[in-house]
Amino acid sequence: MKNKLNEMIIQAEKSIMSCKTYNDVLDVKAKYLGKKSDFNDLMQELKNLPNEEKPLFGKLINEAKQEISKLIDEKREELEKSKINDLLKAQAIDISLPGRDFTLGHKHVLTKTVEEIEDIFVGLGYEIKEGPEIESDLYNFEMLNLPKDHPAREMQDSFYITEEILMRTHTSPVQVRSLLANAERKPMKIICPGVVYRKDDDDQTHSHQFMQVEALVVDELTTLADLKGTLLLIAKKLFGENREIRLRPSYFPFTEPSVEVDVSCFKCNGKGCSMCKSTGWIEILGAGMVNNNVLQAAGYDPMKYQGFALGMGIERIAMLKYGIEDIRLLYTNDLRFNSQF
Amino acid sequence: MKISLNWLNTYFKNKLDGFDLVKKFNLMSQEVSSFEKLLDINGLVIGHVKSMEKHENADKLNVCQVDVGNEILQIICGAPNVDVNQKVIVAKVGAVLPGDFKIKKAKIRGVESFGMICSLQELGIQEFDSDEKGIYVLESDASCGENPLQYLGLDDFVLELDLTANRSDLLSYRGVAYDVACMLDLDIEFRKVKVDREPKENPVSIYTQTKDSSVYYGQVLEGVKVKDSPYWLKSRLIASGIRPINNVVDITNYVMLEYGQPLHAFDYEKIKSDRIIVREAITGEKITTLDGEERTLLDGDIVITDGEKPIALAGVMGGLDTEIDNSSTTILLESAIFNPVKVRKTANRLNLKSESSSRFEKGIDYQETLNALNYACSLLVELADAKVIGNPSFYNNINSKKKTIKLSLDKINSITGYAFTVEVVEDIFRRLRFSYKYRNDQYIITVPSRRPMDSYQDIIEEIVRINGYDKIPVSLPITPTQGGLNHKQSVIRQIRNYFVGKGLSETKTYSLVSLELATLFDQEESETIRILNPLTKEREYLRHSILPSLMGVLSYNKARKIDDVLLFEIANTYFKNGEKLKLAALISGKINNSTWQKMNCEIDFYYIKGLLETLFKELGITEYSFELSKETLPQLHPGISALVKVNDQVCGFLGKIHPETEIKIGLKDIFVMEIDLSNILNRNQTNVLGYKEISKYPSVNRDLAIWLDKNISAKEVVSVIKEVGNKTLNSVEIFDVYYDEEKSNLKSIALSLEFSSFDRTLETKEVDNQINKITDALNNKLNAKLRG
Ligand SMILES: [Zn+2]
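Chains as they are written, first to last, in the numbering used here: chain A, 1 to 341; chain B, 1 to 788.
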């Protein structure tokens, strides 16, 4: 009996090993473990055995069944795996072919530059203020210490709509409006980005329409040193950590003292190159301490309040940052240009 | 302002280092726009023409033997005025003249030539002698072999300053000298002026009838010989950018440059009276100015008159009738101050800007008015043999009370953030030559008339610039404030990011356009805003719509073979009642376009509509609708366009460009939208925080296909379904529209309906009931039949 069982296991193992398909496995399973399998005959024989031998042989039969069942399961698993492997092999593709082409949109480089500047100032606690592009002479000039007969008005040839209304020549009127609106005299830190207009013929460096960002801080404490620190921080954020700045005396009617701000050349690191005209410095913006006349015009007591203002041309910053040499490219909207940013 | 370094050096004991000066000006005063040699020519020598004979093969050429000090050079010269014994300017072999003209050893028709005898024109300084007839002949005292530029005073450097409006003091050499002395901490030496006067009565009397001239000095000089100025005077004027004319004119210009006080010389014999009356012009009055133009005056102009007629436009230009000419012998020299604003207005109106008018416009130091006149007199005596007749006649209504400004050290430090000390501040005052007193912890500074100042801020500016901006420390404002983008600014960024994510590129176009483009997309007649002084017709009106500009960008790019153009812009548009921020988009071509994998998508009406609907979803706008509008969108295809409504208010439109326009511009299938963002951005942000509950029970989907009249819109079908459906009807989506050729007046719409409940799993019967109700309603209301 024992021999018979061993013989069966060996036979079964052989048949299982020779199985090529899942169906072959099922046949083998039917033969050894099905209702008409050889085990059934053995079970009949078991009935004829003396009672004391029954348990031992019963156990042996079960063990043999389990052994065969295990072999069958293993074979089945092996066959399934190889089937999936075949399938995977058949499905394999050439991953070196290109991906699908999604149209990529682009923000305008001026928008990118404005947003970059906005984010720097927002991080420093500034609010963003906006105002109309069609302005009154009062806000655009007079309240900014540029009375009607001021010679500096000629620096800013303007587009007039009536004698008293014009296209704003800078975003400074937004500063005036913000000061006027701040009746509580809360400490104010704002930036004013926007479109401005000057009556210049369009050429490589001039555009009758352009963008500015101006910043204004007014409280009881802000100093020229705070202006210098702010300017240094902006220069580093915009043009790189290793930048230095240099202030030079200048003149704007709305600030006093006024300065031009140079940043150390980021192309040659100050050694001198064509970009900085061999000076090592590049002029990037104008700034100064708010002129008392401006504070006074907005109803502030200049003996109590003080602060600074700065203003930069977005086109200039963008052109410097990206090496753009003709301002007209920024308004032509050639998609081969716009899509590079 | 152009500054001759030679001239500037006359005020100082030691010669200035030009390059150091440039650095100092840039960092402490005014930007230097250029610093260069007046004439950058090497290899010039003074030569003496020893002998001369005709060229054997050329009539008009002479062969000269020229002594250049250490050698005799044979030089062929073609100038008609060359002659033996002349002292001339020789460019030796190797010299390079302006225009990259290299002097080489040459053989001219068989005869060798070693250099060139130069004309002023060849040296690039024709203005040195405007009567030049050929080569330039020097005075006989010139010595051979020396540098002719040095001899003529032209071996100079010119420093050009870019002056800001607050530094009119730098419009004179004396002002520049003060600034240089301050920056470099030097002493200044101004020459003493002494005038020899004839002991006679100055015959002219001077009056004013206007407040616009505060001071006027007039001096008559006799025996004047009008001739060329000496070399030094000519070269200093040339270096300062002024063309020499004759000694009288040159002296007035020279003195103006020295003091900043413009002068004018009249031919006194041509003035019809002995009276000078300054007054306001009478409108319509006429004067012919020195340039020969007859000018019609207005009552704001100030004129110098002989008591009757104007003889000069004050501060702007003299009259032709009293012009100095070569035969003038008696002159009246004027040194006066006129109202800066009036001078500017007159000069601007008549387009007569000059060195004089620009100085009057910026303000004159009244303390130099008489000094300038006296210096000019002494020069006229010296250089024009003039006799000064008595003392100047004048009126002087100047209020010479000195202005003072108070400023404390604390104020200086609390504004600058730098710790100035008394010693530093007082040393700077000394260098600035500002006189001051110190009382009650405050400096009381007397403002010098040469440096007009308004407030302590001006004084602080002086202190900081002389101390150096590099010494100011760096810090940041310490007052706490809260920054950030407001709702509107965030939404605009969100919209931009959305469109960029959808493959559209942002443009920046001009607000100023032509009248036609400004109103092209107007839905109704609406006034435009016009610029009074436009640059061109193309930039004359403020636009009502961004789309015409986007159409321009489309044409530009299509012409450059860019087929897929997807654009958007957010910009202001301008109306009589205010500015409106609009969003415009234009798409033409394909999206995701590549031949590989063919995933590209043709753009149609539903694409641009979906683009907007998805944006509304992104912005949380649910109350929107689209309406057909046949009459009001003339630029759009009447059957493929719609008005966009948000909260039941029209806020824009979208659709396909009208085929007529497409044909006109040679492009097709252009889809556009334009939305007025003001309503959207100003929407209440009372969005209650929270979310919509998701049902735990499974939903049931049913598809429905119906036939109906093809003119019934999908919107009507959906609204009928939503009306009948109960609250278990979650959503209605259209997934197909189908037209059958045999049923030409019908269309088939396929819809997908989703049902679900929050409290139970829906039973089939319940859903069946809903569907029956819906199909009945579709049948009754729209005559829609189920598709079999
Ligand atoms: Zn550089």
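Mixed in with the good hints there might be a few duds.
Unchecked claim - Distance condition first, Cα-Cα at most 30 Å in a straight line; then the derived BS3-like pairs of lysine-lysine:
hint, chain 1, residue 1, chain 2, residue 2
1, A, 271, B, 537
2, A, 199, B, 580
3, B, 502, A, 112
4, A, 148, B, 286
5, B, 471, A, 321
6, A, 148, B, 537
7, B, 54, A, 321
8, A, 277, B, 537
9, A, 112, B, 353
10, B, 104, A, 148
11, B, 403, A, 304
12, A, 148, B, 561
13, B, 401, A, 148
14, B, 23, A, 236
15, A, 277, B, 488
16, A, 199, B, 471
17, A, 236, B, 471
18, A, 107, A, 70
19, B, 471, A, 267
20, A, 304, B, 24
21, B, 406, A, 186
22, B, 353, A, 199
23, B, 558, A, 112
24, B, 502, A, 107
25, B, 558, A, 107
26, B, 537, A, 199
27, A, 267, B, 24
28, B, 488, A, 112
29, B, 23, A, 267
30, B, 502, A, 277
31, B, 576, A, 321
32, B, 24, A, 236
33, A, 112, B, 23
34, A, 304, B, 406
35, A, 107, B, 590
36, A, 148, B, 345
37, A, 112, B, 561
Honestly, the hints are just simulated from the structure, not real lab data.
For this structure, which hints from the list above don't hold up? 1, 7, 8, 9, 10, 12, 15, 16, 18, 20, 30, 31 and 33
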